[in-house]
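The opening position of the sequence shown corresponds to residue 785 in the numbering used here, with each subsequent residue numbered one higher.
Note that these hints are calculated values from the structure, not bench results.
Glycine included, every Cβ here is placed at the ideal spot set by N, Cα and C.
Hints should not be assumed to be uniformly reliable.
What the hints assert, rightly or not - Simulated restraints, written as ranges between beta carbons of each label pair:
{"no.": "1", "residue 1": "897", "residue 2": "824", "range": "24 to 32 Å"}
{"no.": "2", "residue 1": "827", "residue 2": "935", "range": "35 to 43 Å"}
{"no.": "3", "residue 1": "896", "residue 2": "823", "range": "13 to 21 Å"}
{"no.": "4", "residue 1": "900", "residue 2": "826", "range": "24 to 32 Å"}
{"no.": "5", "residue 1": "889", "residue 2": "832", "range": "16 to 24 Å"}
{"no.": "6", "residue 1": "960", "residue 2": "832", "range": "14 to 22 Å"}
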Amino acid sequence: MKNLYLLAIFFTFLNINPASAEDVNIDYIYSGDHNTDFSNISVSLKIGEFNDDRESDPRQITDNYLAEAPLTDIIRSALVQGLEHGGASLVEANEDMQMTGRIVSSQMQLVDRGGVESVQLTIRTQVELQGGGRTIWETTLFGRGTVPISEGITGAVHGALDRTIRELVNDDYFVIELQ
Numbered sequence: 785m786k787n788l789y790l791l792a793i794f795f796t797f798l799n800i801n802p803a804s805a806e807d808v809n810i811d812y813i814y815s816g817d818h819n820t821d822f823s824n825i826s827v828s829l830k831i832g833e834f835n836d837d838r839e840s841d842p843r844q845i846t847d848n849y850l851a852e853a854p855l856t857d858i859i860r861s862a863l864v865q866g867l868e869h870g871g872a873s874l875v876e877a878n879e880d881m882q883m884t885g886r887i888v889s890s891q892m893q894l895v896d897r898g899g900v901e902s903v904q905l906t907i908r909t910q911v912e913l914q915g916g917g918r919t920i921w922e923t924t925l926f927g928r929g930t931v932p933i934s935e936g937i938t939g940a941v942h943g944a945l946d947r948t949i950r951e952l953v954n955d956d957y958f959v960i961e962l963q
């Protein structure tokens with residue numbers, strides 16, 4: 785337990801240069817089991833661009849980890865997979881509505897979960913549903929993944945993306961706007 789706190793303090797005060805950050809392969813495939821049905825939505829929906837407000841390397845997950853692709857692309861792809869899992873037929877053009885987003889923050893910390901040293905990653909993503917030239921709905925999705933240290937940052941990213949999808953598809957107001 786003492787080592788966990790020392791390690792957390794070390795990472796908190798250590799300013800790691802992104803050039804020395806570790807490259808990791810996220811390779812996320814949604815395998816969740818949400819039961820939200822998007823097969824009968826009454827509008828055509830496009831998942832638009834996602835931006836990154838963190839002003840860092842676009843591939844940065846946290847200070848010491850870089851993904852194989854920009855984190856915005858990974859999050860966008862995860863949301864597409866989650867919606868398609870529910871039967872959504874997404875479009876690339878001539879949409880009635882478009883969902884866009886931006887990464888607000890991405891933070892990692894080491895935590896103790898019942899005596900198990902774990903990595904906890906929280907990714908905050910602001911999303912908006914736009915239609916008819918205005919914002920119809922918006923929220924901030926809190927994707928948090930917590931896994932034992934042995935599963936590493938990749939497991940924590942997968943958990944954070946799973947939760948991000950659940951937060952979106954379980955938002956009643958989001959679902960209502962698509963009906």
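Structure-based check of each hint:
no.: 1; hint: 897 - 824: 24 to 32 Å; verdict: violated, 40 Å
no.: 2; hint: 827 - 935: 35 to 43 Å; verdict: holds, 38 Å
no.: 3; hint: 896 - 823: 13 to 21 Å; verdict: violated, 42 Å
no.: 4; hint: 900 - 826: 24 to 32 Å; verdict: violated, 46 Å
no.: 5; hint: 889 - 832: 16 to 24 Å; verdict: holds, 21 Å
no.: 6; hint: 960 - 832: 14 to 22 Å; verdict: holds, 20 Å
Hints 1, 3, 4, counting from the list given before, are not met by this structure.
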